[in-house]
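**Student:** Okay, here's what each chain looks like letter by letter:
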Amino acid sequence: MRWSLIIAGNLVVMHSALAGGLHVEVRASDGKPVADTVVVAVPLDAGANVSPQTQSSGQKVVDQIDKQFVPYVKPVLAGSKVYFPNKDNIRHQVYSFSPAKRFELPLYAGTPAEPVIFDKPGVVTLGCNIHDWMIGYIYVSESPWFAITVEDGNADIINLPAGHYHVRIWHPAMAQKEEQTARNVEIGDGNITQKWMLPLSSSARPRRAPVPGATGYH
Amino acid sequence: MCFIEYNHGRPVLHRVLLPVLTLMAAPAFSDAVTNAAAEFEYNDNITNGQHSGDVLDDTSLLANMSGGEYWTLTDRIGLTATADLSAVRQNGYSGLDHLAPGLSVALHGKLGLGRDAPWLRLSGNGAWYKYRSDVRDGWHYGLAIAAGKRFGDRLDLHAIYRVDYVEPDQIIKDPFLVSTYHVHSDAFRTHTRGVTLGGVFSATDRLAILADWTHQSGTVTSTINAAGLVFDEEDIVTPDPAFGANHVAYRAEVTTDILTGGISWALDQHASFNAVYTYRYSDGEGDFSYINNIVNLSILYSY
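Protein chains in written order, with my numbering: chain Y, 1 to 218; chain C, 1 to 303.
Straight-line alpha carbon distances no greater than 20 Å define the calculated EDC-like cross-link-like pairs of lysine to aspartate or glutamate that follow: (1) 87/Y x 66/Y; (2) 87/Y x 69/C; (3) 67/Y x 205/C; (4) 149/C x 116/C; (5) 67/Y x 153/C; (6) 67/Y x 75/C; (7) 67/Y x 69/C; (8) 32/Y x 205/C; (9) 60/Y x 104/Y; (10) 60/Y x 142/Y; (11) 67/Y x 268/C; (12) 67/Y x 116/C; (13) 32/Y x 268/C; (14) 87/Y x 75/C.
None of these hints come from the bench; they were simulated from the model.
Model the full assembly from the supplied sequences, consistent with the hints where possible.
**Tutor:** What follows is the structure in structure tokens.
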């Protein structure tokens with residue numbers, strides 16, 4: 001009896017130590033890969049929501065280069081500190097009106113001394129009050145398990161503890177609601193692939209290219 | 001024998017250039033501004049003629065370049081100053097070929113924070129137009145105040161009040177023309193003022209649709225074939241050799257309604273291809289009126 005209890009305990013420990021990977025492929029309706037899509041896996045099993053070191057809530061950076069936010073979409077874990085260094089010669093004024101984080105960095109050059117803390121999950125839309133075409137997004141995830149697709153439309157969440165997850169995706173131009181993309185996924189000892197076909201809206205980014213006769217603010 | 005007086009525009013240039021150079025030397029945060037355009041244009045009535053015998057059409061190639069600085073003066077106000085150069089090559093009437101170096105200054109103000117905040121823009125420009133046909137040489141000045149607001153991701157509306165002046169270099173006082181034909185003054189000295197209402201609709205990331213309506217009043221220059229005509233003493237007419245020996249230009253008071261519509265296709269973040277159609281209807285005293293139909297194809301670059 002004593003030996004069997006010990007064996008059972010070891011099996012539980014071994015099961016929780018198993019880790020797999022989630023490979024995600026996101027394509028638009030026309031089959032083209034969709035970059036900048038955030039993939040979030042929310043653990044459904046109690047005790048699985050442990051921050052992996054690779055997704056820590058440490059310092060994150062959203063640059064301003066050539067009057068653009070770089071990267072265009074930045075996923076962070078709730079509670080993360082994000083710095084907004086300005087690498088242009090011109091001053092920027094970064095702001096957000098999003099419910100997940102309202103803030104304004106008064107006109108500045110270089111790197112502001114204090115980072116902005118994003119402690120509420122949700123999508124934060126960034127803008128610059130000097131350059132209206134500048135737009136960027138910070139996706140604040142409630143789960144430490146997230147990734148973002150690159151140019152080939154693929155993303156990988158690695159070392160995902162075995163268990164059940166609620167997986168969803170988000171993209172700035174997606175035509176549907178984020179929750180409509182959600183699906184339950186079971187992760188075991190190995191990699192599994194999930195594919196999404198994502199309808200995109202026709203316009204998402206403010207235009208920077210010149211328009212004849214336009215007399216805009218800048 | 002032709003007597004010509006020259007207007008001296010240099011003091012004006014000096015008054016504009018000095019503050020611009022002072023600003024450019026100031027240790028403010030600034031960014032380089034570069035704009036360029038290559039255009040093809042068809043105008044079915046370049047003479048602004050009323051009667052079919054006077055209406056001449058032509059195509060032209062245009063190139064514009066401007067470069068300067070943009071300063072963020074405060075979190076709501078910016079200033080742009082550029083040096084500009086435009087060149088026009090007419091296909092049929094080479095007398096209208098011209099170069100126009102100039103300066104532009106614009107003060108931008110934003111009434112709040114965010115992309116949807118209303119904005120104001122006060123701008124002025126001056127350029128010296130050097131034509132192949134010297135009689136048209138002169139200074140062009142413009143002042144404009146514009147206001148606008150974006151509504152959501154797609155619609156951007158604006159209103160503009162603008163005044164323009166053309167000050168010719170030469171004032172012709174030709175005794176023969178005055179005594180024979182009562183030709184005695186400068187038809188190329190004009191001024192207009194007008195209000196524009198319009199907007200840009202972003203149909204997609206790349207495609208924008210633009211539309212403007214302008215109501216303008218002031219003076220315009222119209223050119224006619226004057227063979228056999230005798231002008232009244234009060235007429236303001238000038239020989240206009242750009243269109244031939246018998247052509248004279250005269251100045252008329254008109255009101256003009258201008259409708260503009262077009263599309264703009266973003267080639268990348270800094271360049272666009274544009275196709276714009278403009279309809280102008282000008283109506284003056286008596287039964288004087290004329291119409292222009294203008295098609296403009298352009299590639300614009302901005303950085």
